[in-house]
Amino acid sequence: MIAGRGRQRIRPPRRGLHGDEIDFENTWSTIASAFREIHTKNASRLSYEELYRHAYKVVLKKKGEELYKRVCDFEHEWLSSEVRSAIQALFSPNLSAGTQSLGGTTANERRVAGEKFFKGLKQAWGDHQICMSMLADVLMYMDRVYCHDHRRPSIYTAAMVLFRDDILHAPTSDVDGKEVLRLLNHVILDQIQMERDGDVIDKHLIKSCVHMLDSLYQDEDEAEDQRLYNTSFEAAYLETSREFYRQEADFLLRDSDAGAYCRHTRRRLYEEEERCRSTLLDVTQPKIQQVVEDELIKNRIHELVEMESGVRFMIDNDRLDELNLIYDLNSRVDDKKAELMRAIQKRIVELGTDINNAAIAASQAPVSAPMPLEAGDKVKAQMPEKSLNQQTVAAIRWVEDVLQLKDKFDKIWEVSFQQDQPLQTALTRSFADFINSPAFPRSSEYISLFIDENMKKGIKGKTEMEVDAVLEKAIILLRYVQDKDLFERYYKKHLCRRLLMNKSISNDVEKAMISKMKIELGNNFTLKLESMFKDMTISEELTSGFKKHVEGLGDKDPKRIELAINVLTSMTWPLETMGSGDDAEGSRPRCIYPTAIERIKRGFEKYYNEKHSGRQLTWLGNMGSADIKAVFPKVPQKDGSFKERRHDLNVSTYGMVILLLFNDLPADQHLTFEEIQAQTNIPKTDLIRNLQSLAVAPKTRILIKDPMSKDVKSTDRFFFNEGFIGRFVKIKVGVVSSGNKVESDRERRETEKKNDDSRGFCIEAAVVRIMKQRKELSHQALIIETLNQLVGQFKPEVNMIKKKIESLIEREYLERVEGVKIDSYRYLA
Amino acid sequence: MADESSKLLKDSLKNLLTSGEYSDFTINCKDKTWRVHKAIVCPRSGYFARAVNFGREAKDRMIDLLEDETEIVGLMLEYLYIGDYTVPTTDKTDLVFPHTCNDSNLHAFVCSHHACATQLRVRDWSCGGRGCIPSPDIFPANLVHHARLYELADKYQVMGLKSLVREKFILACQSFWNTSKFPIAAEIVFATTPEEDKGLREVVVSTISDHMILLKQPEMESLMVTYNGLAYGLLKIMLEAGGWQ
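Protein chains in written order, with this note's numbering: chain A, 129 to 957; chain B, 9 to 253.
The hints are simulated quantities; they were obtained by calculation from the structure and are not laboratory data. Wrong hints could be hidden among the right ones.
Unchecked claim - List of simulated lysine-lysine pairs, DSBU-like, C-alpha gap at most 30 Å:
| # | chain 1 | residue 1 | chain 2 | residue 2 |
| --- | --- | --- | --- | --- |
| 1 | B | Lys244 | A | Lys189 |
| 2 | B | Lys206 | A | Lys189 |
| 3 | B | Lys46 | A | Lys169 |
| 4 | A | Lys250 | A | Lys189 |
| 5 | A | Lys729 | A | Lys620 |
| 6 | B | Lys244 | A | Lys190 |
| 7 | A | Lys189 | B | Lys40 |
| 8 | B | Lys38 | A | Lys191 |
| 9 | A | Lys190 | B | Lys15 |
| 10 | A | Lys189 | B | Lys15 |
Kindly produce the complete structure, drawing on both the sequences and the hints.
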């Protein structure tokens, strides 16, 4: 146990402890002299016990208020005499030179003077803090009892306020009257500006002054946003920075290129962020970032994008990293990236329109120039041959160009735009815009031709992967096309030719393409295409079946004609586009076939009718071809030889019919054009084309025309060319315009007209479908629903829908609802 | 186990104080010296926390508590080290009566050496003795110790000590209000803490109001005259209890 000796030393309390007055003045002078020691850094000999005890007693004796006041007075006195004069000593003309913009002081001089000022302030502030915390230690009892009970700020806080008032709010000189605080702000701003200009400054030193401002408050409430840093410095900082960056933006836009501007802006953003970390306070970071973004980006993004070296330049020169910078900057100030998006879209449409125009120019140039006006239709047969080929090339070129453009922007999107979703949508929209541009109606046809070309030649020797890539490209473009029905029309036509003329390299690839389109455009779209393939398969079976059937008949006729036949379902195949296109006068005239042919034709008809009764077969002589073994008699040749020559001729069906006429003709006899026409009943245009290839084309001149000219006139006479010389045994007699080429304008108008007609049916069907379900609907709603239903196929014109509705009303499918405000229709069952 | 380990901890802490091992600071009071540990003393007392870093005390690693009483400083340090204190039992002059309560039912009252822990102040054993705890501070002089210790707890800002003292003081007043130490303790309470500190003041007032006979003592009379707060507090209690209607 601690105590254990005799009586306890507990005495009754000293009488009148409360009563006997402690000598306040004496006690205070002890305390005050100790405080002076503390301020002069002489505290090591002071006794805490003694000082605390004095203060404790004073407070216990209810002299707390007096003590508090004395301490404040003491500090006020100390600050406004000792400390203030030390600070005043730091002022020099160099310091505030910036404000009065005196010449003569260099930045370096200002920086040195500024640093001296900072150091002095930092020292004074640091000393004050240390001393005050020692005072607060000694006066702890006063803080706890007096200040707490009387709701006074702690002595430390009170002393901080004194520092603010006696030092920072003191005028720098009697004349000028500017506050020390404002001078401090000014010098800090000046130094930051030096750093922006590339100087090295003492960030650490500034930061300690910043911390001082941060720990002092504007008023007594000490609200978070009332710190001197915020109320005094930060506001000025943001303001001067805004001005600085505004001017810098002006300067940069004038004097550098967009890429440099972007890089500079990025660096400034980084610098400011770094500055907040190293020199100022983190709380300022979002605010200054806002300022920089406003001044360097938000207010300038339009100018920046539009600069000569702006987005357009970057796109054209594949400046992917600069585009990325622009993207980054734009997305800082605008979630939608509207400016960038606008520029990109504009450029896509421009470049796309260029491609369109190039295609149009390429396809038009040769046609218009050399053709004499009066030549009319007949010349077309020979002359456009060349130009049509050029047009086809232009079409394929168009597709390649568009794909290249797409690749370019895909890459930009991927590398520069960080695969931004809205931008992708915008890119797609712009591509669709120029591809579906009303000024360029050929995209559907061109895409189909591109596929056609690849199916016939392009994919030769390519691996499966490469072929697939080609098909995929076509599908990509197809996605953009609005009028899918027009594409379907062209594709059917081109496919039809490939199938019938055996031009396709690979059936598998054709089918792969179809299944890709199926995925992309749906079942409906490919239904007819697929049934075309089915017809082809059935036809093969028919041909071999018929062959067996004929062999089964037994009579081995060496002269028997072999028949290969394709039976096409008339609704599925675009046969009208296959014809010469001239027989607008109505039903196709029946060709008169030579007897041998007629016999086998009948044979097949009989065979077919046994299998499928009730079907009507129409023979399309204009589409077939025939292999003929021809013998040319012994006539003297130019090289002196004198012998018989045999050739295998591959000619069109009509060509065969024409040639067989000459079989029965004596060698020196001739047939006139009209005679041939009368004997064969071949349509005139087909006849002209076939005669051209048989009598005009130099390498396949099996007939001789008289007079010899390029045109075929109805008065021309034709002879068998006994002296025909062919270099090869097998000779193919090509018929003009049998390949897939770009349509002439007239053909296109026709195609479009047909397309419009079938659109009409589609619209009517859609309207009826909708009305049947809804019974009654307003005009506007009906239009919108119709558009929605047809969006996968094409975009109908509203006018056309209106017409079709009118027509349906006339035919009493619908009626107008009477007496309602909004135009409405009712379905009539 | 837990009891065992916390006892061990308490023992070794107490041992630190008596042995002075590992000490890094010294507290002197009159002729007594304690070699203490900043790590223990400073966190629990705002005063020592500041003193050890200040001027001469920091330099000498020593503080002289010139105007305090050795015994009370000892109690304070005991509290700082083990969280409790026991006033030594040396003064037997006031131990005037024997225990009157034990386990047998013969004596149906709690004697003054014990306290009723139920705080109901029942003294009729109706609780069956379950709430009866032996009071460790069974000497009237302890009243004065408690009051003095309270003063130091306030002066040196010792965490938690005031409320502990108050508890002990309440129990002591229950037993010893009628001894010569009560007025002394009462005066210390009123003289050595700021007026706003109600901790022990309330206990003194309510003890007097429970035993108004105390007012007849001359010592109490002088207290009443000197400390208006005491007189007023008493009046208020009487008024609220409706004693004068």
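Going down the list of hints, with the structure as the test:
no. : hint                 : verdict
1   : Lys244/B to Lys189/A : holds, 25 Å
2   : Lys206/B to Lys189/A : holds, 17 Å
3   : Lys46/B to Lys169/A  : holds, 25 Å
4   : Lys250/A to Lys189/A : violated, 39 Å
5   : Lys729/A to Lys620/A : holds, 27 Å
6   : Lys244/B to Lys190/A : holds, 24 Å
7   : Lys189/A to Lys40/B  : holds, 29 Å
8   : Lys38/B to Lys191/A  : holds, 28 Å
9   : Lys190/A to Lys15/B  : violated, 43 Å
10  : Lys189/A to Lys15/B  : violated, 42 Å
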